[in-house]
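Enquirer: Protein sequences appear in the order of chains B and U.
All residue numbers for the first sequence refer to UniProt numbering, where the first residue is 1 and numbers rise by one.
All residue numbers for the second sequence refer to UniProt numbering, where the first residue is 1 and numbers rise by one.
Simulated from the structure, these hints should not be mistaken for lab results.
Glycine included, every Cβ here is placed at the ideal spot set by N, Cα and C.
Careful: at least some of the hints might be erroneous.
Each pair of labels, with its calculated beta carbon distance range [claimed, not checked]:
no.: 1; chain 1: U; residue 1: Arg110; chain 2: B; residue 2: Glu133; range: 45 to 51 angstroms
no.: 2; chain 1: B; residue 1: Lys513; chain 2: U; residue 2: Gly35; range: 47 to 53 angstroms
no.: 3; chain 1: B; residue 1: Lys513; chain 2: U; residue 2: Arg45; range: 51 to 57 angstroms
Only pairs whose alpha carbons sit at most 20 angstroms apart, straight line, appear in this in silico SDA-like list of lysine to any residue [what the hints assert, rightly or not]:
no.: 4; chain 1: U; residue 1: Lys43; chain 2: B; residue 2: Leu217
no.: 5; chain 1: B; residue 1: Lys677; chain 2: B; residue 2: Ser728
no.: 6; chain 1: B; residue 1: Lys491; chain 2: B; residue 2: Pro654
no.: 7; chain 1: U; residue 1: Lys43; chain 2: B; residue 2: Glu143
no.: 8; chain 1: U; residue 1: Lys43; chain 2: B; residue 2: Arg301
no.: 9; chain 1: B; residue 1: Lys677; chain 2: U; residue 2: Arg30
no.: 10; chain 1: B; residue 1: Lys581; chain 2: B; residue 2: Ala727
no.: 11; chain 1: B; residue 1: Lys334; chain 2: B; residue 2: Phe351
no.: 12; chain 1: U; residue 1: Lys43; chain 2: B; residue 2: Pro135
no.: 13; chain 1: U; residue 1: Lys43; chain 2: B; residue 2: Asp51
no.: 14; chain 1: B; residue 1: Lys677; chain 2: U; residue 2: Arg100
no.: 15; chain 1: B; residue 1: Lys458; chain 2: B; residue 2: Arg680
no.: 16; chain 1: B; residue 1: Lys677; chain 2: B; residue 2: Ser597
no.: 17; chain 1: U; residue 1: Lys43; chain 2: B; residue 2: Asp134
no.: 18; chain 1: B; residue 1: Lys581; chain 2: B; residue 2: Ser597
no.: 19; chain 1: U; residue 1: Lys43; chain 2: U; residue 2: Gly57
no.: 20; chain 1: B; residue 1: Lys327; chain 2: B; residue 2: Asp193
no.: 21; chain 1: U; residue 1: Lys43; chain 2: B; residue 2: Tyr136
no.: 22; chain 1: B; residue 1: Lys513; chain 2: U; residue 2: Val101
no.: 23; chain 1: B; residue 1: Lys37; chain 2: B; residue 2: Glu626
no.: 24; chain 1: B; residue 1: Lys513; chain 2: B; residue 2: Arg585
no.: 25; chain 1: B; residue 1: Lys581; chain 2: B; residue 2: Glu626
no.: 26; chain 1: U; residue 1: Lys43; chain 2: B; residue 2: Asp193
no.: 27; chain 1: U; residue 1: Lys43; chain 2: B; residue 2: Ser728
no.: 28; chain 1: U; residue 1: Lys43; chain 2: B; residue 2: Met730
no.: 29; chain 1: B; residue 1: Lys677; chain 2: B; residue 2: Arg585
no.: 30; chain 1: B; residue 1: Lys677; chain 2: U; residue 2: Glu187
no.: 31; chain 1: U; residue 1: Lys43; chain 2: B; residue 2: Arg680
no.: 32; chain 1: B; residue 1: Lys581; chain 2: B; residue 2: Ala630
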Amino acid sequence: MTAETTDTTANATDTTATDTETGATATPMGFGRMHRKEDARFIRGRGNYVDDVRLPGMLHGAILRSPHAHARILSVDASAAEAHPGVKAVITGETLAGMDLAWMPTLSGDVQAVLATDKVRFQGQEVAFVVAEDPYTARDALELIEVDYEPLEPVIDARRALDEGAPVIRDDVEGRTGNHIFDWEAGDREQTDAIFERAEVTVAQDMLYPRVHPAPLETCGAVADFDRVTGKLTVWCPTQAPHAHRTLYALVAGLPEHKIRVISPDVGGGFGGKVGIYPGYVCAIVGSIATGRPVKWMEDRSENLMSTAFARDYHMRGEIAATRDGKVLAIRVKVLADHGAFNGTAQPTKFPAGFFGVFTGSYDIRAAHCEVTGVHTNKAPGGVAYACSFRITEAVYLVERMMDVLACELDADPAELRMKNLIRPERFPYTSPTGWEYDSGDYPRALRLALDMVEYDKLRAEQAERRRDGGPLLGIGISFFTEAVGAGPRKHMDILGLGMADGAELRVHPTGKAVLRVSCQSQGQGHETTFAQIVAAELGVSPDDVEVVHGDTDQTPFGLGTYGSRSTPVSGAATAIVARKVRERARLVAAAMLEASPDDLEWSVSEAGGRWSVQGSAEHGRTIQEIAMAAHSNLELPEGVEGHLDAVTVYNPPNLTYPFGAYVCVVDVDPGTGQVKVRRFVAVDDCGVRINPMIVEGQIHGGLADGIGMALMQLMAFDEDGNHLGASFMDYLLPTSMECPSWELGETVTPSPHHPVGAKGVGESATVGSPAAVVNAVLDALRPYGVRHADMPLTPANVWSALQGTPIRTDLAVT
Amino acid sequence: MQVPARFEYERASSVPHALALLERYGPESRVIAGGHSLIPMMKLRLARPDVLIDINGLEELSFLGVEDDVLVIGALVRHAQFLADPAVGRYFPIFHDAERVIADPVVRNRGTVGGSLCQADPSEDLSAAFAAVRATAVIQGPGGVREVPIRRFHRGPYETAVEPGELLVRLRVPIRPGAASAYEKVERRAGDWPVAAAGAQLRLDGGVIAEAGIGLTAVGAEHFAAPEAEEYLAGKAPGAEAFAEAGRIAAANCAPRADQRGPAAYKRHLAGELVRRALTRAAGRAAEGTAQGAGDRTGDRRGEG
Ligand SMILES: Cc1cc2nc3c(=O)[nH]c(=O)nc-3n(C[C@H](O)[C@H](O)[C@H](O)COP(=O)(O)OP(=O)(O)OC[C@H]3O[C@@H](n4cnc5c(N)ncnc54)[C@H](O)[C@@H]3O)c2cc1C
Numbered sequence: 001m002t003a004e005t006t007d008t009t010a011n012a013t014d015t016t017a018t019d020t021e022t023g024a025t026a027t028p029m030g031f032g033r034m035h036r037k038e039d040a041r042f043i044r045g046r047g048n049y050v051d052d053v054r055l056p057g058m059l060h061g062a063i064l065r066s067p068h069a070h071a072r073i074l075s076v077d078a079s080a081a082e083a084h085p086g087v088k089a090v091i092t093g094e095t096l097a098g099m100d101l102a103w104m105p106t107l108s109g110d111v112q113a114v115l116a117t118d119k120v121r122f123q124g125q126e127v128a129f130v131v132a133e134d135p136y137t138a139r140d141a142l143e144l145i146e147v148d149y150e151p152l153e154p155v156i157d158a159r160r161a162l163d164e165g166a167p168v169i170r171d172d173v174e175g176r177t178g179n180h181i182f183d184w185e186a187g188d189r190e191q192t193d194a195i196f197e198r199a200e201v202t203v204a205q206d207m208l209y210p211r212v213h214p215a216p217l218e219t220c221g222a223v224a225d226f227d228r229v230t231g232k233l234t235v236w237c238p239t240q241a242p243h244a245h246r247t248l249y250a251l252v253a254g255l256p257e258h259k260i261r262v263i264s265p266d267v268g269g270g271f272g273g274k275v276g277i278y279p280g281y282v283c284a285i286v287g288s289i290a291t292g293r294p295v296k297w298m299e300d301r302s303e304n305l306m307s308t309a310f311a312r313d314y315h316m317r318g319e320i321a322a323t324r325d326g327k328v329l330a331i332r333v334k335v336l337a338d339h340g341a342f343n344g345t346a347q348p349t350k351f352p353a354g355f356f357g358v359f360t361g362s363y364d365i366r367a368a369h370c371e372v373t374g375v376h377t378n379k380a381p382g383g384v385a386y387a388c389s390f391r392i393t394e395a396v397y398l399v400e401r402m403m404d405v406l407a408c409e410l411d412a413d414p415a416e417l418r419m420k421n422l423i424r425p426e427r428f429p430y431t432s433p434t435g436w437e438y439d440s441g442d443y444p445r446a447l448r449l450a451l452d453m454v455e456y457d458k459l460r461a462e463q464a465e466r467r468r469d470g471g472p473l474l475g476i477g478i479s480f481f482t483e484a485v486g487a488g489p490r491k492h493m494d495i496l497g498l499g500m501a502d503g504a505e506l507r508v509h510p511t512g513k514a515v516l517r518v519s520c521q522s523q524g525q526g527h528e529t530t531f532a533q534i535v536a537a538e539l540g541v542s543p544d545d546v547e548v549v550h551g552d553t554d555q556t557p558f559g560l561g562t563y564g565s566r567s568t569p570v571s572g573a574a575t576a577i578v579a580r581k582v583r584e585r586a587r588l589v590a591a592a593m594l595e596a597s598p599d600d601l602e603w604s605v606s607e608a609g610g611r612w613s614v615q616g617s618a619e620h621g622r623t624i625q626e627i628a629m630a631a632h633s634n635l636e637l638p639e640g641v642e643g644h645l646d647a648v649t650v651y652n653p654p655n656l657t658y659p660f661g662a663y664v665c666v667v668d669v670d671p672g673t674g675q676v677k678v679r680r681f682v683a684v685d686d687c688g689v690r691i692n693p694m695i696v697e698g699q700i701h702g703g704l705a706d707g708i709g710m711a712l713m714q715l716m717a718f719d720e721d722g723n724h725l726g727a728s729f730m731d732y733l734l735p736t737s738m739e740c741p742s743w744e745l746g747e748t749v750t751p752s753p754h755h756p757v758g759a760k761g762v763g764e765s766a767t768v769g770s771p772a773a774v775v776n777a778v779l780d781a782l783r784p785y786g787v788r789h790a791d792m793p794l795t796p797a798n799v800w801s802a803l804q805g806t807p808i809r810t811d812l813a814v815t
Numbered sequence: 001m002q003v004p005a006r007f008e009y010e011r012a013s014s015v016p017h018a019l020a021l022l023e024r025y026g027p028e029s030r031v032i033a034g035g036h037s038l039i040p041m042m043k044l045r046l047a048r049p050d051v052l053i054d055i056n057g058l059e060e061l062s063f064l065g066v067e068d069d070v071l072v073i074g075a076l077v078r079h080a081q082f083l084a085d086p087a088v089g090r091y092f093p094i095f096h097d098a099e100r101v102i103a104d105p106v107v108r109n110r111g112t113v114g115g116s117l118c119q120a121d122p123s124e125d126l127s128a129a130f131a132a133v134r135a136t137a138v139i140q141g142p143g144g145v146r147e148v149p150i151r152r153f154h155r156g157p158y159e160t161a162v163e164p165g166e167l168l169v170r171l172r173v174p175i176r177p178g179a180a181s182a183y184e185k186v187e188r189r190a191g192d193w194p195v196a197a198a199g200a201q202l203r204l205d206g207g208v209i210a211e212a213g214i215g216l217t218a219v220g221a222e223h224f225a226a227p228e229a230e231e232y233l234a235g236k237a238p239g240a241e242a243f244a245e246a247g248r249i250a251a252a253n254c255a256p257r258a259d260q261r262g263p264a265a266y267k268r269h270l271a272g273e274l275v276r277r278a279l280t281r282a283a284g285r286a287a288e289g290t291a292q293g294a295g296d297r298t299g300d301r302r303g304e305g
């Protein structure tokens, strides 16, 4: 069943019932709540991750990392390590410089040191690589490498990075005199400023979206195998974008692209942190080329937290201009973006601040303007990672926090204030003041549903009672988010020149079983199931009869990968379209079989499967399986119709899709200790048509837990020397089931008008939408104390400090 | 993968054997119990013992039970075993309060009471709980067995009265008729070490406090105790005001340090607040009659090794 027939009535999710919106049930065909095909292997411990790859003669690598945040390298002496029994090679920056590989391009047009040559620029930066017979020897040998450092003053506080006389981090770049990277702006400054000047009410708030880390359970790593005979390089690594990696290796290392094969096997979580190429991957490749043997490198937890892509780190100042009765007229934002030592954020080239430009959120606001300044600090590079939809997380947090700040100022109810300003359904497609075209939505309906589910009025009454009678503080927080996901279109969106369009190939075997090949790579999103369901719906076959092949560049068509919630919007669309192409080819074959004109045939899907039959006489038809066999047989086909049953396509999305949702969080706060307990969390999501509602809900559950983690506990601060204060799971806390309430999910369905099955992405919705709801709830609880804002994470210490009027600066060491 | 530096491994078959191994290998050898503190440090190469002496098989260190009005806890008793024991819960609810919030079930299945005390982490929960109930540590060395009051057991962060070549073998806690106890902890997340925590035991006699025991952890309290607050309470009637004042005294006499768990002022505040809460809860338990009674004690029971 496709989107055209979908109606859009709201309903709260009954997790066991038929999915009435799509008309799909848990039948073996089409969309619906079927179990994930990949779970059998994961549940049985039969997944195959990079660390499971074992090749004959394989060696092991380990990386020596900088203990300093900023230091000049005076010398590196590896002789003792080289002499250590079992060590096969030691690679230093100097070794790489000899091969012109000491630096590599980043995804943002900067360069990054693979192994440091001149200076180290963040604690944990890669300095040398040891290749040895086993991982223990490799680690032991790291201690034998002597590096002479001259410590330099580091730049830790992003707000001081542009100070006159601040140490220049990137003196490797000729002519660089400061730490400024870019200025970027969006919207209409004059129009916005003019409205601010005349506005009845204006509010302003500084806020930090702190540095966080996606912290996937599987850390990064690689197995590189360079075959000296064939000249073929095979790299296994947990990448979210295997094809982009292959092309980059070809461009950087000069290897012919057809001699490079990137295999991304099962991936233990990516969240954006596995988009880029890390120095360790390059080291493993160089190690294999140097030794002629396969080399495995797996980073440990601390290495992962210290050196791989962080997320956020946006210092923002938001301002809203409004009327006294709560109509928002304009919004403006200034951002100081901490990009770390190398500008390595992964986003479409023309968008140095990602999609932060959607910061007007879900509201119909006349004018808006934002300016973002990117700076270097002595911290790890990265920046767009952790399920953020290219910085929409920051944008949603900003606008949703600002709405509450305005509500506070006007003494208005935050739900009513939002309702008053939401974009009305009749305004879609809606063009935002910063130029985004929202495809579809019914926002008031989603908010109303969320408020009904949580019984908002009752909660406000309970809160009033508590405030009167004392007791733990009750807080209610709302967040309404709109996302923009599924990049391209390729005309506007590319990564290092590679347009963001995805290929798909579908081949139906003679017996009617099908193999789908896609370019994107699952890190837990369940593509093997949902994409099979898309094919199943289009061809009227069982999803069990569709094998989804992904993650191997030798076996799949080109495409840009899985991040920014783009798999279903782009590769999922490609899948539907390639299946429709196959169906059309099947029509021609069926016409030959039935000796009818193709135009006289009609397609139908019943319990028995999909079939082409002569219009008006359903019994006079052929099933897709029969057609597949005939297509491979000696059946005579009309001129121009090739045999067999397969098709290829490349899907270039006409626009992004705009999923949205209304979240309400309820917390109890203990003012004596500052502890926050999340009592309830209601999440109404609208991601268009749900292909597999169970998988959608799983994505939402995970994202909501992410939100609790970021809002309440994840702290990645640095002390004044640049020491990383969150480099293990003892210090960098992930939420557990104990901190998560039983999620209460609801849904509305507003199909995307331009996606072939009406679906929008959902992989990041909850991560994007939930932190603001939690923070708004905590601050709502603290309102009687006159607290208007405190930055994430709202740890007990931070909440208590906020109550004392001195919230903690969460990017620096607590003093 | 984090891997420790090279080390040798010996398995002790008895306490005397363990002591003999300690003597043979000298100061570069380390006893390993649950390994939940030692192994992480070895993986980070912060600890690099030449030899590990494994005491996990030693039945004689796993005893848990009541002997002559004294709760006896073998050094190898696992957190989980301690938490599951009804006699412990009946006489010393403070231990169950604390154990419920120490680490997570996986760590508790393996980590030991003795290892916790010997690790002497300044944020250790059980150190505060044992300080509150004024336990006695029993240490065995080549020269025999000696007893050390728990409030002299800790010499500083990561330093205890157990000398090289010695083993902590058990802890003894006197059961005091009429006493009740409780433990209060603030953590950033389930399974986390405390931001601050306080334990309290109250023995009431004729409507006044005959003896108060207050333990504090993670706030730089010497010997994990709050003697000034205890003294203040002695002879006072239990009540909100007295408990709040005891909290204030305890807070004033500890020396917390800022770290990512919070600023010093917050931890000091918590010390006071949690002492107050622990005292209140202990007093509530005393009033409910869940205080330690004489007579209804369980017999000796062997724990699992
Ligand atoms: C994730 C995690 C969370 C934790 N959270 C908490 C928490 O919230 N609160 C808390 O209090 N603790 C916490 N811990 C610590 C935990 O309780 C450990 O089990 C405990 O600290 C050490 O016990 P162990 O038996 O594992 O000791 P081991 O690691 O085996 O030993 C620790 C030290 O004690 C020595 N030792 C052990 N037994 C003896 C003995 N009988 N005689 C002499 N020396 C001995 C060893 O040589 C070593 O130096 C946590 C640990 C982890 C891993």
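Enquirer: For the pair we were handed, B/Lys513 and B/Arg585, check the Cα-Cα distance against 20 angstroms.
Expert: holds, 16 angstroms
Enquirer: Using the Cβ atoms, figure out if B/Lys513 sits within 47 to 53 angstroms of U/Gly35.
Expert: Holds, at about 51 angstroms.
Enquirer: Could you grab the alpha-carbon distance between U/Lys43 and B/Asp134 and see if it respects the 20 angstroms cut-off?
Expert: Holds, because 16 angstroms separates the two Cα atoms, which is no more than 20 angstroms.
Enquirer: Holds or violated: U/Lys43 with B/Ser728, Cα cutoff 20 angstroms?
Expert: It holds: about 12 angstroms lies between the C-alpha atoms, which stays within 20 angstroms.
Enquirer: U/Lys43 and B/Leu217 were given as a pair; does the straight-line alpha-carbon distance stay at or below 20 angstroms?
Expert: holds, 18 angstroms
Enquirer: Would the hint linking B/Lys513 and U/Val101 be met if the CA-CA limit is 20 angstroms?
Expert: With Cα atoms ~54 angstroms apart, B/Lys513 and U/Val101 exceed 20 angstroms; violated.
Enquirer: Starting from U/Lys43, check that the Cα of B/Asp51 is at most 20 angstroms away, please.
Expert: holds, 19 angstroms
Enquirer: Is the straight-line distance between the alpha-carbon of B/Lys677 and that of B/Ser728 20 angstroms or less?
Expert: violated, 24 angstroms
Enquirer: U/Lys43 and B/Met730 were given as a pair; does the straight-line alpha-carbon distance stay at or below 20 angstroms?
Expert: Holds. U/Lys43 to B/Met730 sits at ~14 angstroms (cutoff 20 angstroms).
Enquirer: Would you mind confirming whether the straight-line C-alpha gap from U/Lys43 to B/Tyr136 stays at or under 20 angstroms?
Expert: holds, 11 angstroms
Enquirer: Would the pair B/Lys677 and B/Arg585 pass a check requiring their Cα atoms to be no farther apart than 20 angstroms?
Expert: violated, 58 angstroms
Enquirer: Would you check the hint for U/Lys43 and B/Arg680, treating anything up to 20 angstroms between C-alpha atoms as holding?
Expert: violated, 39 angstroms
Hints 1, 5, 9, 10, 16, 19, 22, 23, 26, 29, 31 from the earlier list are contradicted by this structure; the remaining hints agree with it.
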